[in-house]
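K.L.:
Here's the letter readout for the chains.
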Amino acid sequence: MELLMAILIGVLFTAAVYLILSRSILKIIIGTGLLSHGAHLLILTMGGLGGSAPPVLSDGVTDFADPLPQALILTAIVISFGVTAFILVLAYRAYAVHKTDDMNQLKGNDEHD
Amino acid sequence: MINLLLFPIILPFFFAILLLFFKEKIRTQRILTLIGVVVSLASSLVLLWTVKTEGIQAITLGSWPAPFGISMVSDMLSALLVTTTLLLTLFIVIYSFTSIGEERERYFYYPAILFMVTGVNGAFTTGDIFNMFVFFEVLLIASYILIVLGGTKKQLRESLKYILVNVISSALFVITVAYLYSVVGTLNMADISVKISEVNQPGIITVIAVLFLIVFGIKGSIFPLYFWLPGSYAAPPIPVLALFGALLTKVGIYAIMRTYTLFFIHNTGFTHEILMILSILTIIAGCIGALAYFDLKQIIIYNIVIAVGVILFGASQMNEAGMSGAVFYLIHDMLIKGALFLLIGVIIYITGTSNLRKMGGLMKTHAPLGWFYLIAAFGLAGIPPLSGFIGKLLIVQGAFEAGNIWSGIIVLASSLVVLLSVMRIFIYAFWGESKVALPKTNRKTYNRLMAPALVLVVLTIVYGIGTEWLLPFMTDATDVLLQPSIYIDAVLK
Amino acid sequence: MKTNDVILQTTTKLVFFIIFLFSIHIFFAGHYTPGGGFVGGLLTTGAIILLLLAFDLKTVQKALPFNFTIMTGIGLLLALGTASGSIFFNVPFFTHAFDDFTLPLFGVTSLHTAMIFDAGVFLVVVGSAITIIQSIGGDS
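Going down the list, the sequences are from chains C, X and F. Mapping of the first sequence onto my numbering: position 102 corresponds to residue 102, and the numbering continues sequentially without gaps. Mapping of the second sequence onto my numbering: position 413 corresponds to residue 413, and the numbering continues sequentially without gaps. Mapping of the third sequence onto my numbering: position 80 corresponds to residue 80, and the numbering continues sequentially without gaps.
For reference, chain C alone in the conformation it holds in the complex:
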């Protein structure tokens, strides 16, 4: 199971890097989304996939999942949700002002202001 997860995370990271290196802003944003998904899955895997019962203490349950990685993922998801929403708004504004979503044309230097 860990191996499968590792491959999945690797695929996610690969796709994320590919998308982030592209020129369109929207693709880059999707790439950052994939990157954070990969990171979240990595936390889950790194915390250990064992444990069959939910981490709620009740009688007779000994083999429960580690609750900490789940709490971390929830926090990280909320944060990446907020940041992604913010970049989307920003990309939209940048597109409206610059009339382009091509990062090559958004390079800019001091002479072009």
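Just so you know, the hints here were simulated from the structure itself, not pulled from any lab data. By construction, the Cβ of each residue, glycine as well, lies at the ideal position given by its N, Cα and C atoms. Misleading hints may appear alongside valid ones.
As the list claims (entries may be wrong) - Simulated restraints on C-beta separations: (1) K154/X - T84/C: 55 to 61 Å; (2) I26/X - S135/F: 38 to 44 Å; (3) T84/C - I288/X: 35 to 41 Å; (4) K107/C - I288/X: 42 to 48 Å; (5) S135/F - A71/C: 29 to 35 Å.
Said to hold, decoys possible - Below, simulated BS3-like cross-link-like pairs (lysine-lysine); rule was C-alpha separation at most 30 Å, straight line: (6) K153/X - K107/C; (7) K58/F - K25/X; (8) K358/X - K25/X; (9) K358/X - K444/X; (10) K62/F - K154/X; (11) K358/X - K107/C; (12) K444/X - K27/C; (13) K154/X - K27/C; (14) K27/C - K23/X.
Given the structure of chain C, go ahead and fit chains X and F onto it with the hints provided.
P.N.:
Only chains X and F this time, still in chain C's reference frame:
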């Protein structure tokens, strides 16, 4: 009052929330912001004194026992940094009243500053590695708002890159924390330190150490990860630039110092060697940049990079002199960078340009500005008895004690380059004849902009002269950094 | 462009309340079972976005005359206030208190201060998400 150490975090947060209710009332916003920062500053001074008299303050949120809940720890280093942060924020906020413009004030400028201060103070205070990530995000999201606020073409373009770099580094942070958790099985920083000592830092921990260096190096702009800094920092207006330049990179430096003195201390031959080499390269890269530009903002921005290198070089020596030099220089750099950015803000306001080639002869019309700029410039370069001197002296002494003669000499030589780069501004802007007619400026506005900048310069002078008096505080900070057991005992009591 | 979306609008009027009630259920279920303020808030946001899709921005604003920025502020204040309550009892920040109370209609109910915190989270999520949607949608 066991919650005292949280006040510098909660109070700015509380006032930031209050400000959300007064979107259109700019006067109310200004007054509330001022009250908020002053009250937080007062609480942080009380905290500083408490840490001095009673030792490290630690609390674990939610009444959980120590390694399980989120610990907040205020040792001397973090108390000093928190106090300096709030002090700087006070001056920058006062400066903003006149310079930032009503349009920005109406769109949540002050709440964003206060949220950012919440994040910065939280990152300085937290004793939990994942919580540090959360506070990093708080300060980053607030900084995203600040950097794009105003929405000029350049800001939109640069902020996109700034955000992308930080999103990627945040993802790396999460990944690194995941690796660390899988090896040591805990997130509490004191507990991590204990667990790493128990297993005696195997190779995988060293890998994690390097990953942490990359993560914090992006935030703290070390070589070769500083590439995003000059472009992004030049986009926002001066008060925001001052805030970023003085505070944000310092959070990255603090995080490196904390992790490299608390966690990764068993294989210093590798990890700290890398840190040292990178910091020397950072200094050199910063020096090249500082000399290459004819733009006021860029010159000072590259000086941030140099300072990052100097501080980390001091920290990487892992001896008493180097470490206390790093702490001295860290606080000094926050104050002096704030002062310098505010001063060049005034220069830009007077001349209407940030291009050195287009200015000149300001000494005739604005002599006090010139002299105070000169003092700040000397302070930055470390001319005794000004504030930069003692820090650099200790850092170089530390380097010589550790046997790194050549790199010590490079640090010394960098002071000369720093001096040259800031003197160039002085020569071009203040000497000679004015090349173009100055735009008409309001004397009253000028005075209002000068006031906070001058007080800040005076503060740095006091910091330089009062070194003797500050020494006990610095010694306390250094002791905790060099002896992790003090920190661990205070948290896991 | 004029489209005929009678079906969407009629269904939305019905479905909105179902989603909203479900989000309230999820919110209260939150402490011992899956759910809570964040998920509840997102569901409510989803319901409002459905309204926005079916009708236009102005109509929805008239139907829900809230200032969503203020709502975010109130939510943050609630959350921070709950957490800071512990300062007055000199126990660590975020310490939460709970007890069983006998309420009319509900019988013995376990009440937590964590629920007030979650209510704050609920308001923050709805407020900030709708603010974002409005700022993108308001322009075109």
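K.L.:
So which of those numbered hints doesn't the model satisfy?
P.N.:
1, 2, 4, 8, 10, 12 and 14
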